[in-house]
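Please take these sequences and the hints and turn them into a complete structure.
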Amino acid sequence: MKMKRSTRKAIPLLILATIIAILFLLPLIWMVFTSFKTLSESMASSSILPQVWTLENYTGIFTSVSEAPIFRWLFNTTVITAVGTIIVVVVDILAAYSLARLNVPGKKVILGMIFAALAIPGIVTLFPAFYMFKEVGLLDSYIPLIMPYTASTMGVFLVYNFLLAFPKDLEEAAYLDGASQWQILYHVIFPAIKPVAMTLAVITFLAIYNDYLWPSLVTNSNEMKTITLGIATLIQGSNFVNPAKMMASTVIATIPAIVIFLLANKHIVKSVTNTGIK
Amino acid sequence: MYKGASYKIWSVLMVSPFIIFFLLFWALPLVLGIWISFHNWNVSAGNLGFVGLDNYKMILTSGTIYNDLFMTGLKNTLYFVVISVPPLVLIALGLALIIDNLPDKFKTIYRTIFFISYSISVTAVSAIFLWLFNNNGGFINNVLMSLGMKEAVNWLGEQPYAWLTILIATVWWTIGFNMMLFINALNEVDSSLYEAADLDGAGAWGKFWYVTFPQIKNVGFFIVIMTVIASFNLYGQTRLITNGGPEQSTNSLIMNIQTSVFGMNQLGIGSAMALLMGIIMTVILGLQYWLSYRKTD
Numbered sequence: 051m052k053m054k055r056s057t058r059k060a061i062p063l064l065i066l067a068t069i070i071a072i073l074f075l076l077p078l079i080w081m082v083f084t085s086f087k088t089l090s091e092s093m094a095s096s097s098i099l100p101q102v103w104t105l106e107n108y109t110g111i112f113t114s115v116s117e118a119p120i121f122r123w124l125f126n127t128t129v130i131t132a133v134g135t136i137i138v139v140v141v142d143i144l145a146a147y148s149l150a151r152l153n154v155p156g157k158k159v160i161l162g163m164i165f166a167a168l169a170i171p172g173i174v175t176l177f178p179a180f181y182m183f184k185e186v187g188l189l190d191s192y193i194p195l196i197m198p199y200t201a202s203t204m205g206v207f208l209v210y211n212f213l214l215a216f217p218k219d220l221e222e223a224a225y226l227d228g229a230s231q232w233q234i235l236y237h238v239i240f241p242a243i244k245p246v247a248m249t250l251a252v253i254t255f256l257a258i259y260n261d262y263l264w265p266s267l268v269t270n271s272n273e274m275k276t277i278t279l280g281i282a283t284l285i286q287g288s289n290f291v292n293p294a295k296m297m298a299s300t301v302i303a304t305i306p307a308i309v310i311f312l313l314a315n316k317h318i319v320k321s322v323t324n325t326g327i328k
Numbered sequence: 115m116y117k118g119a120s121y122k123i124w125s126v127l128m129v130s131p132f133i134i135f136f137l138l139f140w141a142l143p144l145v146l147g148i149w150i151s152f153h154n155w156n157v158s159a160g161n162l163g164f165v166g167l168d169n170y171k172m173i174l175t176s177g178t179i180y181n182d183l184f185m186t187g188l189k190n191t192l193y194f195v196v197i198s199v200p201p202l203v204l205i206a207l208g209l210a211l212i213i214d215n216l217p218d219k220f221k222t223i224y225r226t227i228f229f230i231s232y233s234i235s236v237t238a239v240s241a242i243f244l245w246l247f248n249n250n251g252g253f254i255n256n257v258l259m260s261l262g263m264k265e266a267v268n269w270l271g272e273q274p275y276a277w278l279t280i281l282i283a284t285v286w287w288t289i290g291f292n293m294m295l296f297i298n299a300l301n302e303v304d305s306s307l308y309e310a311a312d313l314d315g316a317g318a319w320g321k322f323w324y325v326t327f328p329q330i331k332n333v334g335f336f337i338v339i340m341t342v343i344a345s346f347n348l349y350g351q352t353r354l355i356t357n358g359g360p361e362q363s364t365n366s367l368i369m370n371i372q373t374s375v376f377g378m379n380q381l382g383i384g385s386a387m388a389l390l391m392g393i394i395m396t397v398i399l400g401l402q403y404w405l406s407y408r409k410t411d
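Residue numbers (the numbering used here), protein chains in the order written: chain A, 51 to 328; chain B, 115 to 411.
Just so you know, these hints were derived from the structure itself, not from any lab. Idealized CB from N, CA, C, for every residue including glycine. Among the hints, erroneous ones may be present.
[Said to hold, decoys possible] With a straight-line cut-off of 25 Å between C-alpha atoms, the simulated DSS-like cross-links for lysine-lysine are:
{"#": "1", "chain 1": "A", "residue 1": "Lys316", "chain 2": "B", "residue 2": "Lys219"}
{"#": "2", "chain 1": "B", "residue 1": "Lys321", "chain 2": "A", "residue 2": "Lys316"}
{"#": "3", "chain 1": "A", "residue 1": "Lys59", "chain 2": "B", "residue 2": "Lys221"}
{"#": "4", "chain 1": "B", "residue 1": "Lys321", "chain 2": "B", "residue 2": "Lys331"}
{"#": "5", "chain 1": "A", "residue 1": "Lys320", "chain 2": "B", "residue 2": "Lys331"}
{"#": "6", "chain 1": "B", "residue 1": "Lys321", "chain 2": "A", "residue 2": "Lys59"}
{"#": "7", "chain 1": "B", "residue 1": "Lys219", "chain 2": "A", "residue 2": "Lys59"}
[Said to hold, decoys possible] Per the computed footprint, the stretches of chain B lying under chain A, defined by three or more beta-carbons under 8 Å from a beta-carbon of chain A, are:
{"#": "8", "segment": "124–132"}
{"#": "9", "segment": "309–316"}
Structural data, given as structure tokens:
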């Protein structure tokens with residue numbers, strides 16, 4: 051059977067892309083296989099595949115949950131990312147709608163603050179915010195791990211821009227039909243802004259999930275750590291000398307994120323498009 | 115439409131949760147940080163009195179320990195910005211061009227593979243690269259030695275290898291995001307322009323330079339700015355892979371601010387440093403905007 055001309059022409063490019071793809075995947079493949087190596091082999095081996103397969107690194111994680119409660123960390127991250135993302139999406143959509151459509155009093159001042167906040171780097175508020183939570187005795191709780199993300203102005207900016215470009219006709223028709231404010235929001239606005247809401251959810255989830263410095267400031271106990279912070283603790287702690295066990299922990303920490311990423315891939319791709327850059 | 119008192123109440127109700135969170139968790143820490151930076155302020159003991167601009171003077175007077183922390187951190191961070199932004203932008207563009215020219219049925223799979231490492235947290239990335247590049251028992255060294263190299267490369271304990279390791283880890287981790295932005299920009303390029311260029315007998319380079327480049331220039335500029343910000347915020351990789359070494363050469367500015375606040379217990383000086391860092395970043399970004407604006411004018 052003859053190959054299509056376009057495919058044949060693309061073969062050199064496909065080979066190049068495949069080589070690069072292997073380079074991209076190698077660290078992940080190495081991570082997975084190393085987690086099945088014995089300690090001595092993981093230190094000395096120069097082959098990707100284990101010669102002797104072992105599950106001791108994984109069973110070791112289950113037996114050492116008292117010093118490295120990795121499943122508690124996963125649970126914390128689930129709670130923090132879920133609650134944080136939901137609050138941010140709801141609060142930002144309501145605010146953006148109010149700003150874009152309802153002519154809220156003080157609109158210019160609010161928009162000015164949002165633009166100013168976008169231009170000021172996050173490092174400026176980081177340590178004073180830590181001190182604030184320390185002074186009110188809220189360190190080492192879920193509150194500082196969730197609430198500061200709700201101050202992000204990126205989401206309001208995103209939804210506000212989307213609404214400005216979105217025609218008002220449907221809302222006006224619903225308004226003239228006597229629909230209430232909630233009905234307009236629920237039946238007209240929410241369905242229309244679903245893609246941008248999804249974008250905001252993905253961006254927020256990744257930001258909270260990935261954060262390392264902030265959780266490291268506001269948590270003290272092992273039980274309150276996020277999975278991202280927990281892995282850092284392992285790197286700096288006793289696992290430092292055991293690459294095989296370190297990789298087993300890293301596998302457990304990264305697999306959920308990779309699965310979510312692959313499932314949400316379509317939305318993530320869209321979200322990058324939607325970040326408002328054309 | 116939307117006139118009358120009831121809409122006014124609705125609008126205020128809907129915007130107020132955001133305003134409250136914004137004031138509490140952004141504006142208040144900002145004002146508090148400025149306030150603290152004018153005081154001798156300990157993390158543990160609290161406010162020890164107003165000192166005016168002394169914290170800033172101390173940071174900017176050479177010879178003090180805080181000047182050393184700030185300048186070393188700033189120098190290392192700027193160095194990382196300079197070495198990381200070009201590869202993070204140019205390799206991302208290269209990958210996007212490869213994807214754009216692949217047959218359609220292969221695009222999604224390769225795009226996903228090049229983007230997948232972006233889903234991994236910085237700490238997991240650090241764990242992987244720490245053990246790939248470890249001097250002792252690291253995989254790369256094991257492979258190099260088995261290929262006949264006599265001495266292990268001191269990847270994490272010697273320059274320029276330490277920066278190279280941080281750079282490779284960062285490129286692997288974040289380049290997919292820039293690539294996605296470039297792919298989107300390339301999708302928007304009008305394909306009839308390529309046909310016109312074909313008729314004019316333009317080669318691959320000519321097509322890129324005269325057709326593609328002008329159309330993706332704005333996105334490219336945006337990507338440069340985003341990447342500069344991201345590289346300026348260097349923290350996790352250098353904290354976990356090299357821990358600032360060798361000889362503090364990879365101590366980033368954020369790491370040194372953290373040292374001032376927690377290691378030295380000086381929240382006042384640390385807040386002043388963070389504000390100075392914010393000002394430097396804003397000035398650099400402002401300059402970039404100004405330069406690009408002037409060019410397109």
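Status of each hint after checking the structure:
1. A:Lys316 to B:Lys219: holds (15 Å)
2. B:Lys321 to A:Lys316: violated (30 Å)
3. A:Lys59 to B:Lys221: holds (15 Å)
4. B:Lys321 to B:Lys331: holds (14 Å)
5. A:Lys320 to B:Lys331: holds (21 Å)
6. B:Lys321 to A:Lys59: Distance of about 18 Å is within 25 Å: holds.
7. B:Lys219 to A:Lys59: holds (14 Å)
8. 124–132: Per the Cβ count (7), the hint holds.
9. 309–316: violated (count 0)
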